[in-house]
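Please model the entire structure based on the sequences and the hints provided.
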Amino acid sequence: MRKHIASVRQEDDENEINLTPMLDVVFIMLIFFIVTASFIRETGLDAQRPDQDEQPQITDEEGAILVIINDRDEIYIDNEIVDMRSVRPRIEAARAEDAERPMVIQTHPDSTNKMLVAILDEANQAGITNVSIVEY
Amino acid sequence: MRDYDEGIKEEESEINLTPMLDVVFIMLIFFIVTAVFVKDPGVEVRQPVAITAVEAGAGSIYVAITPQDEIWIDRDVVDPTEVRFAIERLLAEAPEAGVVIKADADARNELVLRVMDAAKAAGVQEIIIAAGPV
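For the protein sequence lines, the chains are A and B, in the order given.
Be aware that the first sequence starts at -17, since it is given in my numbering, and climbs by one per residue.
Be aware that the second sequence starts at 5, since it is given in my numbering, and climbs by one per residue.
FYI, nobody ran anything at the bench for these hints, they're computed from the structure.
Each residue gets a CB set at the ideal place from its N, CA and C atoms; glycine is no exception.
Wrong hints could be hidden among the right ones.
With beta-carbon atoms standing in for the labels, derived distance ranges [as the list claims (entries may be wrong)]:
{"no.": "1", "chain 1": "A", "residue 1": "2", "chain 2": "B", "residue 2": "34", "range": "19 to 27 Å"}
{"no.": "2", "chain 1": "B", "residue 1": "100", "chain 2": "A", "residue 2": "107", "range": "25 to 33 Å"}
{"no.": "3", "chain 1": "A", "residue 1": "46", "chain 2": "B", "residue 2": "61", "range": "24 to 32 Å"}
Pairs of lysine to aspartate or glutamate, EDC-like flavour, derived with a Cα cap of 20 Å [stated by the list, open to error]:
{"no.": "4", "chain 1": "B", "residue 1": "124", "chain 2": "A", "residue 2": "117"}
{"no.": "5", "chain 1": "B", "residue 1": "43", "chain 2": "A", "residue 2": "24"}
{"no.": "6", "chain 1": "B", "residue 1": "124", "chain 2": "A", "residue 2": "33"}
{"no.": "7", "chain 1": "B", "residue 1": "124", "chain 2": "A", "residue 2": "28"}
To give a feel for the contact side, a few chain B residues facing chain A, derived at Cβ under 8 Å [to be verified]:
{"no.": "8", "residue": "62"}
{"no.": "9", "residue": "111"}
{"no.": "10", "residue": "112"}
Structure representation (structure tokens):
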């Protein structure tokens, strides 16, 4: 009887699960997930688009700072052609009268994205948060 | 007596892997849960730069617009009229996702605005036009 118990014990010892292969797999999965983890985030500018039915109202709205980009990437403020460098002074001057003035950027379909981003950037630097982008 | 003692010592000095295994498992679960599989638009664009660029949220939907008037979503060219459905499909997987419009510096604004409209129609709250740091 005693001998039998001893033999069972020995068998138990041999039956202990070998964790090494599982550990290998777990480590490989861990390394995979660490490597694929994306900590890099894209940067960009917030952009707002008014509702379709509000668009005509917004462009006609009195008091909004209207910046127009035409098909040749020229910038117009108050129907005057403006150089890229003087966009911010113009926006700031317009805002000095009324700090709550919203801004509307009217883009021609053929104008390029870099002008839109540049003007959004200038507006952000001037501290305007309420910028809507509408079609020409 | 001496033999017996040494026998026990040897058995105790065998490394116990259980706590390490616990830690590794917890790390594994953490990385699985936080894993964000970026839906790459599938095309490289030359981004414009902006000083005031802010970070987009994790797990955003990327929409690329090339200067050749192609819209790329999830490694596929998408027709401008299908953009809304493509965004809705990706939004179903991650309802809180925002949209990042990765438009080329020379992409036409018509498409940028159309993608913005499509994203808005699909119910996206946060729309960002990608711009690299200066």
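- Message: Run through the hints listed earlier and report the numbers of any the structure violates, in increasing order.
- Response: Of the numbered hints given earlier, the structure breaks none, since each of them holds.
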